[in-house]
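Asker: Model the full assembly from the supplied sequences, consistent with the hints where possible.
Quick mapping for you: the protein sequence lines, in order, are chains A and B. Going by the numbering used here, the first residue of the first sequence is number 1, and it counts up by one from there. Going by the numbering used here, the first residue of the second sequence is number 1, and it counts up by one from there.
Possibly wrong hints are sitting among the right ones.
Unchecked claim - From the structure, some residues in chain B lie toward chain A, with a derived Cβ separation under 7 Å:
no.: 1; residue: Ala122
no.: 2; residue: Ser256
no.: 3; residue: Met268
no.: 4; residue: Val270
If you are wondering where the hints come from, they were derived from the structure by calculation, not from laboratory data. Each residue gets a CB set at the ideal place from its N, CA and C atoms; glycine is no exception.
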Amino acid sequence: MDELLRVRGLKLQFRSMRGVVKALDGVDICVHDREILGLVGESGCGKTITGLAILGLLQKPQAEITGGEISYRGQDLLAKSDREMQDLRGREISMVFQDPLASLNPVFQVGHQIEDVVRIHKGVSRRESRETARRAFAEVGLPATDEMLKRYPHQFSGGMRQRVCMAMALACGSPLLIADEPTTALDVTIQAQILNLLLRLREELGVAQVIITHNVGVAAQTCDRIAVMYAGSVVEEGPVVEVLSRPRHPYTIALYECLPHGHTASELKTIPGTVPDLITPPTGCRFHPRCKHVLEVCPTAKPQPVQVGDRHWVSCFWATGQTDGADSEAAS
Amino acid sequence: MSLLQVDDLTVHFRIRRGLGKKSIDTVHAVDDVSFAITEGETLALVGESGCGKSTAARAVLQLVKPTAGTIRFLGTDLTDLSSRQRRKVMRDAQVVFQDPYSSLNPRMTVHDLVAEPLRAQAHMSGRELEARVLSMLEMVGLGTQHLWRRSHEFSGGQCQRIAIARALALDPRLVVLDEPTSALDVSVQARILVLLDDLQRRLGLTYLFIAHDLAVVESMAHSLAVMYLGRIVEQGPAREIFGAPRHPYTVALLRSSPSPDPEERGTMKVLEGDVPSAVKPPEGCRFNPRCPFRMDVCTTECPQPHAVGGHLVSCHLPDDFDTRATGSVVLV
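Answerer: Shown next, in the form of structure tokens:
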């Protein structure tokens, strides 16, 4: 399998009134051809920011990339101009967002909105772009009729709107789709329909995906590999079955034990403390103040990813048995 | 004995074209819903958006006027009470809403938020009031250092604790929990569920739990009522329904929620179609347009609840019919 996207050691910060927010602190992920990667974590862990950074959608003077690299099919995305990124978005990498009503323009017919994308990227005629829009509608399971294409966003239900967004994202044949919480605003039966659609798009069109989600269940049922994020770093990455059935990082273990799945409330485990403020993040491993296996080295050095199984990487001194942290300090 | 007994509750809303104009349509929010809660237990009302679960709870709290039906709380029929008598009875029924940021007044301090019901209903003041406020906060895991802060200074989980303290201040018998953890991250959700479970045991509280997340419901509920488009389709002991669901909609709901267990990959199923409008609900069984086992009778006659095993099911299918085949399997 060829490597499609690779993010290595990505560091990113925001300027804010209260100070500099160190939002990303070394994010490593990669996506291969036809692969679905799940980016899992709780609010504020940086999963959406990672998606936006890949597409170059973060506002420039406030958001600043301070380290790392993003490469797509061997091209360095961070070196590209705004113009080049604009050309790439929607043609090579597309994104769908959590709230489809907010990402569609309420005053234009959805057919027009899709045709615009196609004409801008491919420079084709109106008639051809209409044909493409129709095909895109059929691909996402919407009736490909003129009546549907002439509707406005408010005339669709939530699930159908998300399908419209996907049709728009895929109309130009992007090989990579970044889906940011694509089912969070939807009911469970509709969520299942959309997840099935994402899997079908991979099966039929070969679309590789990054699914950003807070729902471990969504990742468990759809992804090939998952990357678990905490406070701006990927703490564990690997094949989904391996990571969820044999989690190694204390955060992944604790997160999994918090899920009410099949437990009574009295059996539930909890994680002490709260998510840190990223203006003054904890030193060393950012999870150490809440970790029950904390070692002497944890507050002083940042653990680097270490391979613990087949394509299974963990950034943790405790899980990998490095008690001195010497390698990591040298590496960073 | 039942603490709360709801019989044939119906809530319809009129839609008007403008203020003072004639009503043009009716939303059938809740139709012929009956349930009862045993003291000290939790009844969960589950279903997707628009199924009427919140409206039913609001009717129980006397926040909307039922169109028909009776609600008996603590042995008193609430329908024909004067507003003064109702105020006295409803002191024993309190509520916690989904979004604590909008249910807590941002201009009031935590102290005032918790003291307000005590002043208004129990006419407490002075040292007695202060002591009660502090003991309520301690009960939910907050302390004196939080007393004089306002809700924006707290995280979502802490705000929900304040809302719980406020609801429990008057020693109610029944607490309506309307999606109390839906806005929270999983690790915070686990802590709130543990707290609610602990409070129920310690204080002998009765919960009416409104939720759409079946895993959360499974961890909390003693009994369960599944709603679809204003009607209860199946109800009974939670363990029995989770173990052997009978109604095709219950089966679909259970099968479409993604399990975080990677061993269960490929067991998720998809139910096609959208929820119809509650303005013109389908004739007969309201689930019939989406039901894979629809028969002629389903489109004409509304099924009445009848006992199957230890619980009630409203479905025309024979009792020994295997409904496990509902929905198509999701790709993996």
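Asker: Are the hints correct? Go through all of them and say.
Answerer: Hint by hint, here is what the structure shows:
1. Ala122: violated (29 Å)
2. Ser256: Holds - the Cβ of Ser256/B comes within 7 Å of chain A, reaching about 4 Å at its closest.
3. Met268: holds (5 Å)
4. Val270: holds (5 Å)
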